[in-house]
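**Q** Residues per chain, in single letters:
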Amino acid sequence: MSNITVEQTAPAGTGRQPRLRTWWAVRKREMKLHKHSYLLMAPYMLLFFTFTVLPVLMSLLISFTYFNMLEFPRFIGWQNYARLFLEDEVFLIAVKNTLLFAAITGPVSYMACFIFAWIINELGPKLRAFMTLVFYAPSISGNVYFIWQMIFSGDRYGIANGFLIKMGIILEPILWLKTEKYILAIIILVQLWLSLGTGFLAFIAGLQTVDKTLYEAGAVDGVKNRWQELWYITLPSMRPQLMFGAVIQLTTSLAVADVSINLAGFPSVNYAAETIVTHLIDFGTIRFEMGFASAIATVLFILMVGTNLIVQRLLRKVGQ
Amino acid sequence: MNMILTLRRRRRVNRSFLGSFALFLFLAVFGAFMVLPLIYAINAAFKPLDEIFLFPPRLFVRNPTLDNFIDLVELLGNSWVPFTRYIFNTVFITGMGVLGHVLFASAAAYPLAKHKFPGRNVLFQIVVLSLMFSPAVTSIPNYMIMSWLGFVDTYWAVILPAFAYSLGLYLMKQFMEQIPDALLEAAKIDGASEYHIFWSIVMPNVKPAWLTLIILVFQILWGTDGNGFIYSEQLKTLHFASNQIIQGGIARAGVGAAVALILMSVPITIFIFSQSRIIETMATSGMKD
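Chains W and Z supply the protein sequences, listed in that same order. Numbering-wise (the numbering used here), the first sequence opens with residue 1 and increments by one. Numbering-wise (the numbering used here), the second sequence opens with residue 1 and increments by one.
This is chain W alone, in the form it adopts within the complex (with noise of 0.2 Å):
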C-alpha cells in the first residue's frame, strides 16, 4: 500500500552481520509502517493460533507421552507410534477402511463435482439455479442422514428392503447396517450424496468466469465438439478452482467419521465402519489415552496434508 520503496540491499563491501542487521532494521522499518495491518489482523489471528495452530503442535508434543489427564504426560518416546502400527489391529482396520473412503469418495465425488457443475452450466439461468440448489443441498441440510437410516433400516419397512421384497430379488429383509460386507458401500454411498458441497459451488463459479471468447477462438481453430472445448479450453482456464476443490474433496473424505457413526453405529459391528477418526474419538473421548489419541491425530495430519499437497503438486501439471 504505502508509496515508500525501501531499500532492500546493503551496500556492497559490507560483511554478513551488519548486513544481517540493515535486513532486520529495514523488516522493522516496515512492520512499524504497516501496524494497522497487524492491528487488523491481531483478533482473528490470536484465535486462529490458539485454536488451530497451537493445537497440532501441542498434538506433536502429546503424541510422545503418556497422558491420562489426570497425572503429568510422561515421556515415552516412540512407544504410541510403535503400538499404533504394531499391536493395535483396529487401527490398522480404521487406516484401510479410510484408504478406501479416500480412495473412492475422493476422485468419485472431485469428479461428480465436476462433471454436474459442467453439464449444469449448460442450462438456461433458472434451470442452473435450481439444479445447483437440487446438488447442493444435502450437504447443507444437516443431520440429514438419519433419512437414510430409514432407507437402509433392517426390517421390511425400510426402502430398500420393501422395494427389493416386492420386486421379489430378496425374500427376507437384510440388516443392511449390521451386515460387514454392506456396510462400507452404504457409507460410502451417504458420503457421496453429501459430498457436493463447497468444492461444487466453486466449480459452478469457475465455469461461469471462463472468458467466453476463448471458445468462439477455439471454434475457429478447429475445436470440434464439446469434449475437446472441455480439454482443450474448460478445464485449463479451471485450474484454480480445479485446485480449491481438490483440497476440499480430500480433505473431507479423509475425515469420514459422522456419517460412520450414526448409520453404522459406535463402535460399528466388527469395526467394519472404523476409521481413523472414530478411532481418534474412541481413545480420545472414552478411554482418555491422550497421548495414544494424539498420535492418531498426528499421523491423520501427516496423512491429509501429504496427500494434498502431492495432489496439488500433480494438478499443478494439467495442461501445461
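A few of these clues could be false.
[Said to hold, decoys possible] Covered by chain Z, per the in silico footprint, the following chain W stretches (three or more residues, Cβ under 8 Å): (1) 82 to 93; (2) 102 to 110; (3) 131 to 139; (4) 170 to 182; (5) 201 to 211; (6) 268 to 274; (7) 301 to 312.
Everything labelled a hint here was simulated from the structure, so no lab data went into it. For every residue, glycine included, the Cβ atom is placed at its ideal position computed from N, Cα and C.
Mind docking chain Z on chain W? Use the hints.
**A** Just chain Z now, with coordinates in the frame of chain W:
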C-alpha cells in the same frame, strides 16, 4: 440481451443433439438420486404413523397430517428444559459465531489481500495449510485449551473457534483481491485511516462474500451438537435435542422427521436467497499457486 442471445447461439456450434440429450438424462438421473431422500424426508414429516410403517413403503404421503408437529410440541412441552431454550441456544451460538466470523475474518482478509507487510505470505500459507486437515486433528488439544481458558460448558467453546475458521478467511481474501487498488489509494490520499478504509470502502464492496461466509459458518454452527464441550442440559443445542428425539426409536420416527425438516429448511432457505451472491464469491476461490 441481444448480445447474450447471439453468444448463446454461437456456443451451440459445438453441441450435438445426441450428446446434449445423453448428458441431460445423466444429470436428471443423478438429480433424482440427490433429491429423492430429501423429498422422502419432507413427506415423512407429514405422514401419520401408520403410513411411515407401511409395507410396501411409499415415497409420497397419502393423508398428510400435522400430527408429528403437534406431537413434537407436546413432547417438548414436557421436557425438562423448555424447547424454546434449545432454540435460543442454537440461535445465539449461530448468530454470534456468524457475526464474529464475518467481522474478524474480513478484518484479517483485508491486509492479507491488499497490504504488503512482512510475514504476509507465511501467514497466508499457514491458513491455506489449515484447509488441508479437518478439525478432528485438533480436537484433543482444543479440549485442553478450552479447559485452561475456562470455556468448557459455555457457549464460547463453540463460538470462539468459529470466529477463526480458515475457509472463510481464505474466500474473503481471494474476493477482496479484486477490489481495485485505485479505489483504496484515492481514499488514502483523502486522508482516510486504514480502519476507515476497511469499514466504509472495503466492507460495502464485499457484500457477496459476507453472504458466503454467513452460509458456510451458519451451516456448521446450526448443526453443531456442542462438539463435546457443552454438558449442561440448559446450554445444549437444537441439534442435540433433535438427535435425542430421533434416537427415541420407532415411536419417534414421525417426530424425528418433523424435527429434521425444521432443521434442514433454514439453511436451504438461506441458500435459495443468496445463491447468486455465493456463486459470485466462489468465482474467486481458485488457488493461484
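**Q** The structure should be examined with respect to each hint, and the outcome stated for every one.
**A** Comparing the hints with the structure gives:
1. For a cut-off of 8 Å, the count of residues in the stretch 82 to 93 of chain W with a CB near a CB of chain Z stands at 0, and the three-residue condition is violated.
2. Counting residues of the stretch 102 to 110 of chain W whose beta carbon lies closer than 8 Å to any beta carbon of chain Z gives 0, which falls short of the minimum of three for the stated coverage.
3. With 8 residues having a Cβ less than 8 Å from any Cβ of chain Z, the stretch 131 to 139 of chain W passes the three-residue criterion, so the hint holds.
4. Coverage of the stretch 170 to 182 of chain W by chain Z is violated. Counting CB-CB distances below 8 Å, 0 residues qualify, and the rule asks for three or more.
5. Coverage of a stretch by a chain is defined here by at least three residues with a beta carbon nearer than 8 Å to that chain's beta carbons; for the stretch 201 to 211 of chain W and chain Z the count is 7, and the condition holds.
6. Coverage of the stretch 268 to 274 of chain W by chain Z is violated in this model, with 0 residues showing a Cβ closer than 8 Å to a Cβ of that chain against a need of three.
7. As drawn, the stretch 301 to 312 of chain W meets chain Z at 6 residues by the rule of a beta-carbon pair under 8 Å; at three or more, the given contact holds.
This entry does not satisfy hints 1, 2, 4, 6, going by the numbered hints stated previously.
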